[in-house]
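Participant: Listed here are the chains, written in short residue letters.
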Amino acid sequence: MGKSLAEYSDQELFDCINEDGRTAELAFSELYGRYSPRVYAYCLRFLGNEVEAQDIFQETFIRFHQCASQDRDMTNMSALLLKIARNLCVNSKRREKSTVTFEDYMMTNYDEPSDKEELLKLIKTSLDLLPDEYKEMFILREYDGLSYADIADVTGVPLSTVKVRIFRSKQKIREILQPYLEELSKY
Amino acid sequence: MKELYNNTPSELLNLYVDGELPASMEPHLFGQLSQNEGLQSEMRDLLSIRDAVQTDTESFTPPAAAHRGVFDYLGYTYPGGIAPVAVQTVSKFQAFVSRAWLPVLSAVVASLITTVVVNNMINQEGTKANMASKNIPVVSSYEDLSIENSTKSGATNPADADIASSNNMININMLNNSTPVAGGVNNSGSAGGVAAMESKASTTAFEPDNIAFNSYISTDNVNSDNLNSDLASINNINNSSFAGPGVKASMYSPASSGQRIYAPQSISTSPSEFGGSFLPYRAKGYRLMARFNNARSTGPGSDLPSSFDSQFSAFENISIGFLAGDGDWKLGIEVGQESFAQSFQSEDCGILYNVEQNPLIFWGAIVASYENADLKLYDIQPFIQVSAGGSELGPLGRGIIGLQYITPRAFYGAKLGLRLGFESARLWYQNQNEFNSSDRSGINFGMSLHF
Chain A
1261 MGKSLAEYSD QELFDCINED GRTAELAFSE LYGRYSPRVY AYCLRFLGNE VEAQDIFQET
1321 FIRFHQCASQ DRDMTNMSAL LLKIARNLCV NSKRREKSTV TFEDYMMTNY DEPSDKEELL
1381 KLIKTSLDLL PDEYKEMFIL REYDGLSYAD IADVTGVPLS TVKVRIFRSK QKIREILQPY
1441 LEELSKY
Chain B
10 MKELYNNTPS ELLNLYVDGE LPASMEPHLF GQLSQNEGLQ SEMRDLLSIR DAVQTDTESF
70 TPPAAAHRGV FDYLGYTYPG GIAPVAVQTV SKFQAFVSRA WLPVLSAVVA SLITTVVVNN
130 MINQEGTKAN MASKNIPVVS SYEDLSIENS TKSGATNPAD ADIASSNNMI NINMLNNSTP
190 VAGGVNNSGS AGGVAAMESK ASTTAFEPDN IAFNSYISTD NVNSDNLNSD LASINNINNS
250 SFAGPGVKAS MYSPASSGQR IYAPQSISTS PSEFGGSFLP YRAKGYRLMA RFNNARSTGP
310 GSDLPSSFDS QFSAFENISI GFLAGDGDWK LGIEVGQESF AQSFQSEDCG ILYNVEQNPL
370 IFWGAIVASY ENADLKLYDI QPFIQVSAGG SELGPLGRGI IGLQYITPRA FYGAKLGLRL
430 GFESARLWYQ NQNEFNSSDR SGINFGMSLH F
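Protein sequence lines, in the order shown, are assigned to chains A and B. Going left to right, the first sequence walks through residues 1261 to 1447 as our numbering numbers them. Going left to right, the second sequence walks through residues 10 to 460 as our numbering numbers them.
Rather than coming from a laboratory, the hints here were simulated on the basis of the structure. There may be inaccurate statements among the hints.
[Claimed, not checked] If we take Cβ atoms under 8 angstroms as the criterion, some of the chain B residues that face chain A in the derived model are:
no.: 1; residue: Glu20
no.: 2; residue: Met52
no.: 3; residue: Ile58
no.: 4; residue: Tyr82
no.: 5; residue: Tyr85
no.: 6; residue: Ala377
These numbers were taken from a predicted model, which means no experiment stands behind them. By construction, the Cβ of each residue, glycine as well, lies at the ideal position given by its N, Cα and C atoms.
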């Protein structure tokens, strides 16, 4: 009697992707369900453009599937996926500068969000003001929940550098949000 | 460029919030935190930012188009549970039609076949009874001359009297006391309408045990103009042909032999008077029935999405039936479609996984309905209906109990019936050599046409 699909480890599911037919499909679907939100969050927040983020998101999982077809060991699934996404995002950034779409602008200006929603919108705006190397650290830490070691693995930078960049990214965001956070702390 | 990290209270706080601070350094941080208001404020800010980020559902929800793009590219089936389908290309109505045409067509074909078969059965069983009550003459038979025609004929039936008095009828009384018919009728060579009579009488034979009930000859092609000549011809038949060569008149003489003598009773030359397999009154007791249900799955897997929650559940759970029978019991067939929630475990290449689905299945069943007329109150009558049949997935059983109202008057030859009841159904299906079942129960409602 086997286990339920949800009980399988990432490595076991990753190996099953090389199987034929239904097994591979089920394994891929399970891994996709586990990690697609985080990958998309990274793509969307890092690129700041929904259409571009969707393209990179799809490309990430297609590349991931191709990786699985190659006989390779996989120890950290989220790191692998985010590494693929990051590489694609960085390449995309190099090709074109991200712009704020008119729709995004309208949404930002005409919504009447609650305090938390307003704070979130400010965080997104402040993220766009950060240098890419700080922005991605913040996203990988806060959105994707990666440990410092994993972030170091994904980005290929030393752990100490990760610590510093994460710290500075948060400080930068705090500085940008400071007036709002002060108002918020009064209530 | 070397980036410095000096383990300041603020840096330690960041490490602590991110879960990266070594346990040995926590007391030091807590000490600072209890005294430093700026550090406390910074901690609140960091937690607020984290809290706000966690509510960013937009970022954590890839669009359905993105899901579909990935799975389509890889040639996998798109798992609907991951995200709602963004674009529905087929309308509910189109989906219903595409699924319903087959069971509807099956129902129509099955109804026609059943109609033909049951009609033929009724015709074969009840020829005499039908003749007596419905004035359907037979091709040919013989009258027991020892019995008075008026008492045994359709005189009790006004319709018979009408028919007998029509111009096209030649009263068999004219043939009374005549020489009984023999094979010679075929050879009479009479003209006019009698010729037709002769042709129909070709199967004439003596049937001592057969007592016919009508005493007329029906010949549509005999008209009043040549009635006299027809009568003359019949007289000729009486006097000559009936006692033709090979027939000994004395053999059939009541006076001489005392035997029961039979004479031609009725001869029909009109197709409309023959058989009547598809006449409406033959269809009495037939019922065409359409019913819907709003049942939902019960038992294991009952938490699955059920058709009960669907916007058009009634149309996804539809059946059409055909029942026949004049008594309390009615039998027939029913076909339909409905969804049965399934919850079972399947194993594939060592991976055990749960399958939860709610497929729409087509089914067909034999139906028996019991409706006791004595229990009818204000045209409302209880009924019990059971059915057994099969579906795409496996055998299916169903029971319905409820009330039905049938209009007392017929409209355009049919009475309208409305029904409401409670139904319970069970589907058995097999997966990997293991039998599972799925139950449904709920409200059943429908309408019917009673012929």
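Participant: Evaluate each hint against the coordinates.
Facilitator: Hints versus structure:
For Glu20/B, the shortest C-beta to C-beta distance to chain A is roughly 6 angstroms, which falls under 8 angstroms, so the interface hint holds. Look at Met52/B: its Cβ only gets to about 11 angstroms from chain A, farther than 8 angstroms, so that hint breaks. The beta carbon of Ile58/B comes within 6 angstroms of a beta carbon in chain A, closer than 8 angstroms, and the hint placing it at the interface holds. For Tyr82/B, the suggested interface contact is upheld, since its CB lies about 6 angstroms from the closest CB of chain A, less than 8 angstroms.
Taking 8 angstroms as the C-beta cut-off, the interface hint given for Tyr85/B holds, the closest approach to chain A being about 5 angstroms. The interface hint given for Ala377/B is broken, as the beta carbon of that residue sits about 42 angstroms from the closest beta carbon of chain A, more than 8 angstroms.
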